[in-house]
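Novice: Each chain, written out:
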Amino acid sequence: MSEMFQAMERVFQTMFQTMGEAVESLCMAVFYPILSRIFGPINTALGMLPNWMAGVCGVGLFVSAMIWVALILDPKYVNHGRPHKSIWTDLRLWTVISMTPHVLVYFYFR
Amino acid sequence: MESVIGLHFIDVIIVVVYMIGSLLLGLYCTRFVGSAEDFFIAGKALPFWAIGFSIVTSDIGATDFVAVAGAAYKNGVSAANFDWMGSMPAMVIAAFVFVPYFWRSGVFTIPEFLGRRYNTAVQFINGLIWTVVLFFMLAIMQWLSADKLIHTILGWDPYWTLWITALITGIYTFSGGLTAVVFTDVVQLIVMYVGGLGLLALSVWEVGGWSSLREQVLAKGPEFKDHFTLLLPHDTAGPFPWTGIVFGLGLVMAVAYMSGNQVIVQRTLGARSEWDAKGGMLFGGLLKFFIPLMVALPGLCAIVLVPQLGAENADRAVPEMIRLLMPAGLRGLMFAALFAAMMSHISATLNSTSTIFITDIVGQLRNWSGRRPLKEKTALLLGRITTAILIISTALLAEPIGNREQIYVYMQTILSMFQGPVLAILLLGIIWPRATGYGGLAGLVLGVTFCFILRNTPGLFPSEDPFLFVAWWSFVFALIVTIVVSLLTKREPEEKLRGMVWSSVIRDTDAQEALQERIAQ
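Sequence order for the protein chains is A and B. Residue numbers for the first sequence, in the working numbering: 3 to 112. Residue numbers for the second sequence, in the working numbering: -14 to 506.
Keep in mind that the hints were calculated from the coordinates and are not lab data. Every value quoted in this text rests on a predicted model; they were computed, and no experiment measured them. Virtual Cβ for every residue (Gly too), placed ideally from N, Cα, C. You may find that some hints are simply not true.
[Said to hold, decoys possible] Cross-link-like lysine-lysine pairs, in silico, DSS-like; alpha carbons within 27 angstroms at most:
1) A:K78 x B:K29
2) B:K362 x A:K87
3) B:K362 x B:K29
[Claimed, not checked] From chain B, some residues computed to sit far from chain A (all C-beta separations above 10 angstroms):
4) V1
5) G19
6) P74
7) G140
8) A204
9) I230
10) L267
11) L290
12) Q293
13) K362
14) S378
15) T442
16) P478
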């Protein structure tokens, strides 16, 4: 069984390696000239962004998710099927509680 | 450097007691299984807390304990992004966009949902891809955990470890189905927390506290200056630039994983109410917050305590910390935690694979051949037989498959190529009534093709392994293609969409009734 797998592996490795090299050459010749014109300026623009933008976008993702659930979504939809009306079963509060530690670590390790 | 860690008699007793306890708890859950629904989705009776615990344990494998600590040793806290940025925002999106929709539609699997939205061929193909990938992953994770982890650290015979864990997880998954998997997951996460937090506390104590750790690591030289920064610059040489982390991981890969992965979503499909399904996701997100603290921070402490390791041996950070810091008894608990992570990962994948196989492959083949759907008892029996065959065959093939790194790489590549485009059509299929069958097909095919081109055109992105950027841009591309082709093709008839689009399911009571009728069919 082991020998059979080794033989199969060798065949597949050779096949995939040859195919991989051919595909990469094709992509470099055909697509790189076009795609590099699109992604080159994007990479340059992103590279020029100041580092504080990373923190703003990272924390912003958490905060916007919190705002979406707590303030924008219909509370009836958010809490549909709620067992009782206690504040502790309000999933808007759960969202804020479960996301706050994440916001704090992204703020701390900025 | 000594490579094998010795265990005291008391440590072995703790590991054995833990394993027998897991088996007994799983067998106890057998009394709750009387139908296929009980076996595959726990009879829709799971409370939010059990779902939350189970989502975390299904996601964290034993190898993660070692690999994330190693990544933190090499790259710093940015390795924790996969459990923070890569979880919570995606879990909120899953909880309030995808989960209520799946739960209300009453499906057992994600391919089953795609079959209802598009057609049965999509369901069958998707189910087949998932079954094959999960089968290989099951074999690979069994061998990696038994050989590369337990054998390397403890020196135990990998075949014994493999067969004992396969036997225990196989027996309780075979008998108790998803209920047994979820409730053993609860215990397993508690054991993981006790072991992991114990290691964290001892590590931080040994380096002299948090401030001291920070000072000592930063004093090691300029290559450690970013070790306490989560979001690294766009042009960083490392694999985790902030743009890739926020857009590729946070908005695409994580959402695709939390909303489209059967192993994760199946827990919420078994919720006793929609509120429990959503609450389980949120609770799981909160529990996941602590995982990087247990697995990444000991890796940082290892920079100070075992500096001789070097980047090439970074994956030995956790084993060396266990050897250095943990006394007899605690070591047993830590290894029980590693076994817990290993077993929960295996049982979760096993149960999900058999669910997809019976629902989407056997069910569809019967449907196409004009035979009646499986009876409850037959489906339950087939589910159990599939579980038994899967665990035995993957354990038998674990070594030949798991030892071939190329297979693992191919599986990961196939999964990653589908993630962005599948998320795009899934999202548009749910939120945009105008999305058509042709639009979805074009988005999927061209999106995967674009992903393939990006992966094979080096030099387009600054990092050496730009998988995060590839995920983001293939998602954006598939989204645009689906929208454009949908607008150019004929609108889907109202009847087909009733009860299948998010806005109608959420707001329209008629559509809700239509959905209930579909479930009853």
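Novice: Compare the structure with each hint and give your call.
Specialist: Going down the list of hints, with the structure as the test:
no.: 1; hint: A:K78 x B:K29; in the structure: 22 angstroms, holds
no.: 2; hint: B:K362 x A:K87; in the structure: 39 angstroms, violated
no.: 3; hint: B:K362 x B:K29; in the structure: 17 angstroms, holds
no.: 4; hint: V1; in the structure: 31 angstroms, holds
no.: 5; hint: G19; in the structure: 24 angstroms, holds
no.: 6; hint: P74; in the structure: 5 angstroms, violated
no.: 7; hint: G140; in the structure: 23 angstroms, holds
no.: 8; hint: A204; in the structure: 18 angstroms, holds
no.: 9; hint: I230; in the structure: 7 angstroms, violated
no.: 10; hint: L267; in the structure: 5 angstroms, violated
no.: 11; hint: L290; in the structure: 21 angstroms, holds
no.: 12; hint: Q293; in the structure: 27 angstroms, holds
no.: 13; hint: K362; in the structure: 30 angstroms, holds
no.: 14; hint: S378; in the structure: 13 angstroms, holds
no.: 15; hint: T442; in the structure: 4 angstroms, violated
no.: 16; hint: P478; in the structure: 27 angstroms, holds
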